[in-house]
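*Asks:* Spelled out, the chains give:
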Amino acid sequence: MALNQSAVNVEVVNGSAGGAVFTKALSVVTSATASFLRGIGALKTITSTSTVLITRALTYAKTLLASSTSVVTIVRAFSKFITLVNVLSTATINIAKIFSRILSATSSSTVTLIRQLGKIVTSSIVTSIATIARKLSYLKTLSATSTVTATLKRYFGKIVLEVEVVAATILLATNRLITLLAYSSISVSITRRLNKTLSLVLVASTATLTKITSFVRVLSATVSSVVTVTAARFYFRTLSVVSSVVATVNKFFNNLLTISVNCGIILSRALSYTLSVISTVIPQLVIEAVSFVTFPVDRLIYAADKIRTATVIKFRTIFADKDTRA
Amino acid sequence: MSASFSYKITTENEQFTFDFSPIMASSETISSATSTVEVVSGNDSNPTDILVGSPVVSGQVVAQRISGGLDGVIYRIEVSATTSLTNVYTIVADLPVLAPINV
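Chains U and A supply the protein sequences, listed in that same order.
One gets the working numbering by counting positions in the first sequence from 1 and adding 103 to each.
One gets the working numbering by counting positions in the second sequence from 1 and adding 15 to each.
In case anyone wonders, no lab produced these hints; they're calculated from the structure.
Just so it is clear, CB atoms sit at the ideal spot from N, CA and C, and this is done for glycine as well.
Please note that the accuracy of each hint is not assured.
[Unchecked claim] Partial list, computed: chain A residues near chain U (C-beta under 10 Å):
no.: 1; residue: 17
no.: 2; residue: 21
no.: 3; residue: 104
no.: 4; residue: 107
[Claimed, not checked] Okay, the calculated beta carbon distance ranges per label pair:
no.: 5; chain 1: U; residue 1: 373; chain 2: A; residue 2: 21; range: 46 to 52 Å
no.: 6; chain 1: U; residue 1: 408; chain 2: A; residue 2: 36; range: 32 to 38 Å
no.: 7; chain 1: U; residue 1: 408; chain 2: A; residue 2: 60; range: 37 to 43 Å
no.: 8; chain 1: U; residue 1: 403; chain 2: A; residue 2: 118; range: 19 to 25 Å
no.: 9; chain 1: A; residue 1: 21; chain 2: U; residue 2: 379; range: 44 to 50 Å
no.: 10; chain 1: U; residue 1: 373; chain 2: A; residue 2: 36; range: 52 to 58 Å
Given only the sequences and the hints, what does the whole structure look like? Please build it.
*Replies:* Below, the structure written as structure tokens:
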């Protein structure tokens, strides 16, 4: 920006634009008097054309300032404005081009930039353009009425000076605008970064929202699953309880049946054993009875006598042992 | 639990022997002995009347003479012996007494 500013100022200080017009004007003025009227006519035509163009530009600039809401619009309008005023000087065109580039480069500045730009244009460019218009109008009048070369030369000198001052004023405003745009470019960078950050935030937020949505879905599914599992557990427990009761009943009946069967088997076996014993004992009893009847009685009498004799024996000695000790 | 003699007829007078040898050491001897009588069943207000004299010590054996007694009475005879090793052993034995008509 500083380089641009320096270059523009040098160009302004040299006064190449104003110098060119001045030389051209001198050339016209110092030509023959006969050709003065023809030259004045041509100058009049040029001045008239320039005045019309500048008037249009001024009107357009005012309209632009009143209605512009975006920098892009300003850039476009400024480009059109440059097209309208390019007849003024090469320096102005260069300045305008630089200004246009800067504006193009910073076309995404903020509303503050727009306001500042509006102020600068209002305070400097428009004023300068209005000044130029007034001077040119004055030149037109002067050209139409002057008949003295010296006077014309002096006035042309003043006009050139005014043009240079106006150009310097424009350049000063432009420099301010450049400085402002430099800051605004930083703002643009910040804005871009902010936009990028915002984009990232948005992406992250979107991702987060997606995750949250997925989480909510998973949570919903989980809750649903938990409910389903809980219901299934309850159903399973109910079935388990029912089945356990049924199993217990079945087991009870099975046990009862088993016990009954076992009892039947045991009873059957016992009955069979009893019958077997009875069937065995009865014949034996019969046999013993028959044997007793047929037993020799004299032997029984002999044994009984021996037992009686034995009881007659008296035990008069007691041996000390655990049973006899007190 | 006490051991038991064979029954005694009320008219008999006999010597009953109490042998301590199974519970005494071979070198141990009886230094003194005492006898007492109690009624196990039946009625006899003076059961000690059946004891005749004092117990006689002979080695590891004590002998006590007994006579009389009432019919149908079971007496419990207790003989205590004090040994050379200062041990005191006691033998308890029941003695049923029957009248000759009930034998």
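*Asks:* Against each hint, give a clear statement of whether it holds in the structure.
*Replies:* Status of each hint after checking the structure:
no., hint, in the structure
1, 17, "7 Å, holds"
2, 21, "4 Å, holds"
3, 104, "6 Å, holds"
4, 107, "4 Å, holds"
5, U:373 / A:21: 46 to 52 Å, "48 Å, holds"
6, U:408 / A:36: 32 to 38 Å, "35 Å, holds"
7, U:408 / A:60: 37 to 43 Å, "40 Å, holds"
8, U:403 / A:118: 19 to 25 Å, "24 Å, holds"
9, A:21 / U:379: 44 to 50 Å, "48 Å, holds"
10, U:373 / A:36: 52 to 58 Å, "56 Å, holds"
The structure is consistent with each of the numbered hints, conforming to all of them.
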